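S.K.: Next come the chains, spelled out residue by residue.
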Amino acid sequence: MSALAWLLPATPGVAGALLALAGRRADRVAAAGAVAVTAVTLALAALAAAVRPMWGTTLVAVAAPPGGTPAGIAVDGLSAVMAVTVAAIALAVLVFAAGDLPSGAARGRFFGLMLLFTGAMLLTVTAADLMLLLTGWEIMGAASYALIGFWWREHGRVRSAGLAFVTTRAGDLGLYVAAGCAFAATGTLELAGIAQAGQPWRDLAAAGIVLAALGKSAQLPFSYWLSGAMAGPSAVSALLHSATMVAAGAYLLLRVQPLLAATGWAAVAVAWAGAVTALLLGAVALAQRDLKQLLAASTCAQVGFMVLAAGAGAVAGGTAHLVAHAAVKSLLFLCAGVWLTALGTEALAGLRGAGRWRRSVGVAFAVGALALAGVPPLSLWVTKDAVLAGVPSPGLYAVALAAALLAAAYAARALAAVWRPGTFPTAAGERRVPRAVTGPLLALAPLAAGLSVLGLPAVYAGWRQLVGAGGEPGPEVAGLVVTGLAASAVTAAGWAIGVRARQGTAWRRRAAELGQGRLAVGLRGWLGLRQGAIGGVWEPVKALAGALARFDDRVLERTGEWLADGVTAAAGVAGRRAEGLLDGVVRGAAGALGGAAWLGRGRVERPLEHLVRAVAAGAGALGRAARRPQAGQAHLYLAQAAAAFLLLAVVLMLVR
Amino acid sequence: MTVLTVVIFLPLAAALGLLAVPRVRGRAATWVWIAVSAADLALVAVMWAGYRGGIGYETRLRWIPTLDAGYHVGVDGLSLPLIALTALLFLVCGVHSLGERRRERAHAALFLFLQSVSLGLFAALDLLLFFVFFDLSIVGMYFVIAGWGHGDRARSALTFFLYTFLGSLALLLGFVGLFLGGGTFDLVELARNPPYAASPGVASLVLLAVGVGLAVKTPVFPVHTWLPPAHTDAPAAGSAILAGILLKMGTYGLARVAMPALPDAWRAHAWLIMAIGLVSVLYGALVALAQPNLKRLVAYTSVNHMGYAVLALGAAGLAPGGGRAGELAVSGAVTQMVSHGLITGALFLLTGVLWDRAGTYDMDRFGGVAGRAPVFAALLAAAAFASLGLPGFSGFIAEFQIFVGVIGAGAVVLGAAAVLGILITAALFLRALQRVLLGGPGELTGRVTDLRPAETAAVAPLLALSVLIGVAPRWLLDVIEPAAAALSSLAGR
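In order, the protein sequence lines correspond to chains A and B.
Under our numbering, the residues of the first sequence are numbered 1 to 656, in order.
Under our numbering, the residues of the second sequence are numbered 1001 to 1493, in order.
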């Protein structure tokens, strides 16, 4: 069954590449073809989850373990869960996109890139060695660049795409270094072997992997790229924020949890990075005035819980949170996409009443938002608690709990914004949004709600076995009650402020004042991270590059020009001298010959005289030819060759 | 006479034939070039299929017995990939030159001459033979730039010529030094019994001379400054050959001559060599980032990319007894030479389109070209991503091996610093794509028509091969790896 292992990423990957290559010629069949390919991929993923195939390949011969099976693709329990999640979410998103994408859009390119994106993520989650992992990892980044900048005529979108690619690649550098360290210590590139590597390689590799994962998962301080990633079509956001891209970083950390634990410091650092991101980006989400920006910041915050789980050693909980969040967040982004297409706005203020326009969309969004808030008995309530149950230190727990409450607050804010009574231009919406796009919403909503079954003790025990995390604690009743009640209370309060309270009440006024404050403005601007990265890194690098380029032009390149000018001038002088000399010699020779001819006149035979005259004439012609200026460069070469061989002769004489 | 000699001299014979038959002119001359290069490539493919490891297709004829110099040629895992690259790149440049309208006969003859010279250099196993081909390549490229370039071509050609010619004199000095120490110009002999084993000081001086000569050609910082003006004013096909083939002669020379013949000196100065490689990597990338001229940008990325190869060859001198990291680094360096030839060849041919249509390489005068020329845009974007080392293209296979090899050999800080190069190249290529292809239309965008069939036919095979190497590299690495292992152990003696 080894073919199944490589077919899983290759099927969408190759189909996507071909579709993108065909471009506009494939526009008409692209959507149907992509959906079909994704359905096949989902079937392959399910099959792979059942049979757990492995496929060994030699990429670089010296890195193959001596005598052992070379690394390649291996589907274990964690990979199986990821693969099924990725394929399922991709299928829902592509079905949505088939109806949502404007008819004139470059569908071949869009669906091709989406398939490539999916295939790259599947390779990432099934790779057993760092070279294949990095292959999937970076192709995914490039595909996300092309998808975020899909509407390439608008500079702002392209710039956001570039920022996303360069930022995530800055993290990716860590994986290159980690690969080098793994090879130095173990002689192979296998992921599983790094935890047993000797020092200092193990710690260096861990640092590289953590850097790469934090970048890809948009954790602090890299979070800003995800804000710009909204520039792509809605379907891109739905996929990028749920089962791919940001999920890849969390997956990688969960995958290498033994390595993190082995180093000690890496586990602590990762746990804190996740918890602090969950808290701060939760606050950022709460301060947004744009639905997609709110959801984007909440993605950072929610992925923070998964990162926290990896650091805290709660692999089963983190994986469960990843899967449930993928369903929830893709659902929310697809709903936002429906409203964006219908109404042309993502501003929370402009979405008033949107939830009541097409009830199925509104209800689906409500299910997603309540799940995001952590309201019982929906999925994220349980999975978040599975993560919290593994958190060892009280400080960390407190931060994570505060982050969970913030999640309830921003989810309630989004929910209230769209369910507030208001008028919605239904006619325009009906024209633009085909009914078919609600299908995926109705498929995702039950998942977003029902994945809480993972928390049932019997199910959770099986889940732990599946992802290979046998001894971890599961969600506890006390914790579930506390967080469930707290989240419900915060959500209810948020709903009350946002929907029930009448305009002008004290609470609303207070909220509005808060929204104008410096704190809120800072949060709305994503903590100034983007400006910090541009001003603190990009601009200095550009300035350095400019200074070096000026140095190169003014100093170094001049040396070449001086050389050229100097040699040309020297050659000119030498050439004139040589020409004068040559001229004299030739004239002299001609004169001498002429004189000889004159002297020999009558004494020698006429043919000889003719010969001598001919030689004299020929010598004169040669002299004129030698004086021709355009022949100077050939002279130059000859002169240098002569100089070179002279030099050689001197060296030979000295040494011999 | 083996097939290798036929491969080397077939283009030269065709060039002489072209010059001898004035009736073949205009486009017919270019077609002759294409036919001969295609035949040559087919012969190289036959050679590749029949290659069985070690030195294959060897020929050894006496030339100057007193100097023990001869016509000694052969191929191994280092040279065969570069010979194949040469044959392919000259063929696609021939296809691209179907658009050339100036003195086609001389143009074709000159390129065929250059092809023989390049093939001869990569096959040479004798220092004098190597040097003759090395210098003839400079002469040939001088005439390409001076005769078919644009802008201030005479001056750029002269700068190129003088600079690289002076470099070659240093190389000659070093070769004479090797002869004086080893008593032969034969490379196989010199590798078997490295000269100056007992006098490290002399060995270092000889390495300095050889190294300076090859560094100019590669080029590395700070002797790279002939490269940007040469490229700016060279014709597209000339730039593709210059960057794709001629630069490789520098790093190939390091691997073919300096490492096996002067292993002790190489190991003693491994850190210095790696530092020069690293500075070239970062300096080339940063200066490229600041270029407003697309062709100069691509030219400076060559400094960056060849810097990786130098860094990796230096790392082979670090690992004691060669070591598996050293093998990996050398294999990466050779893969990088092939990969850079393919990708930069494609980039220069594509860049030439802008000059051909609009007469400038200034990126800020374009914009939104993707709408006018989608095929051009798709190929340029693919070439840019290939050049920034995206997996799925050959550059990743090369650079990944280099990074892992360099760090694996123990140079963690140098390796980690070199990795920054791929981040800067990512930024600069995305910026270039944004300025030229994407966004709203610019001042000259209206003039950019899409690729002509000959242009597409020239560029697409290069990128297709880059993808093939990127996705399924074994057919290439199976040839390179044994030679890399052998070289790594030679350098680690």
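Rather than coming from a laboratory, the hints here were simulated on the basis of the structure.
Honestly, I wouldn't trust all of these hints.
Using C-beta positions, here's what the derived DEER-type ranges look like [said to hold, decoys possible]:
1. A:VAL555 <-> B:ARG1452: 34 to 44 Å
2. A:PRO540 <-> B:ALA1197: 22 to 32 Å
3. A:GLY532 <-> B:ALA1045: 23 to 33 Å
4. B:ALA1197 <-> A:TRP562: 17 to 27 Å
5. A:ARG24 <-> B:ALA1457: 14 to 24 Å
6. B:ARG1052 <-> A:VAL555: 46 to 56 Å
7. A:HIS155 <-> B:ALA1457: 30 to 40 Å
Which stretches of chain B does chain A cover? Using the computed rule of at least three CB atoms under 8 Å from a CB of chain A, they are [what the hints assert, rightly or not]:
8. 1062-1070
9. 1095-1109
10. 1202-1214
11. 1389-1396
12. 1416-1425
Coverage of chain B stretches by chain A, computed from C-beta distances (three or more under 8 Å per stretch; other residues unrestricted) [what the hints assert, rightly or not]:
13. 1231-1243
14. 1289-1296
Computed from a prediction, not measured in an experiment: that's the story for all the values here.
Positions of the beta carbon are idealized from the N, C-alpha and C atoms, including for glycine.
S.K.: A separate judgement is required for each hint: does it hold in the structure or not?
M.R.: So, going through the hints one by one against the coordinates:
About 41 Å separates the C-beta atoms of VAL555 (chain A) and ARG1452 (chain B), a value consistent with the hinted range of 34 to 44 Å. Range check, PRO540 (chain A) to ALA1197 (chain B): about 48 Å between beta-carbon atoms, so the 22 to 32 Å window is missed. Checking the proposed 23 to 33 Å range against GLY532 (chain A) and ALA1045 (chain B) shows it is violated: the Cβ atoms sit about 54 Å from each other. Between ALA1197 (chain B) and TRP562 (chain A) the CB atoms are about 40 Å apart, so this pair departs from the stated range of 17 to 27 Å.
A hinted range of 14 to 24 Å for the beta carbons of ARG24 (chain A) and ALA1457 (chain B) is consistent with their spacing of about 21 Å. Taking the beta carbon of each, ARG1052 (chain B) and VAL555 (chain A) are about 51 Å apart, inside 46 to 56 Å as hinted. Look at HIS155 (chain A) against ALA1457 (chain B): about 33 Å separates their beta carbons, and that is inside 30 to 40 Å. Proximity of the segment 1062-1070 of chain B to chain A, defined as three or more residues with a beta carbon under 8 Å from a beta carbon of that chain, is not established by the 0 residues found.
Counting residues of the segment 1095-1109 of chain B whose beta carbon lies closer than 8 Å to any beta carbon of chain A gives 0, which falls short of the minimum of three for the stated coverage. Restraint check on the segment 1202-1214 of chain B versus chain A: 0 residues with Cβ-Cβ distances below 8 Å, three needed, restraint violated. With 4 residues having a Cβ less than 8 Å from any Cβ of chain A, the segment 1389-1396 of chain B passes the three-residue criterion, so the hint holds. A stretch counts as covered by a chain when three or more of its residues have a beta carbon under 8 Å from one of that chain; for the segment 1416-1425 of chain B and chain A the count is 6, and the coverage holds.
Proximity of the segment 1231-1243 of chain B to chain A, defined as three or more residues with a beta carbon under 8 Å from a beta carbon of that chain, is not established by the 0 residues found. Given as covered by chain A, the segment 1289-1296 of chain B passes the check, having 3 residues with a CB less than 8 Å from a CB of that chain where 3 are the minimum.
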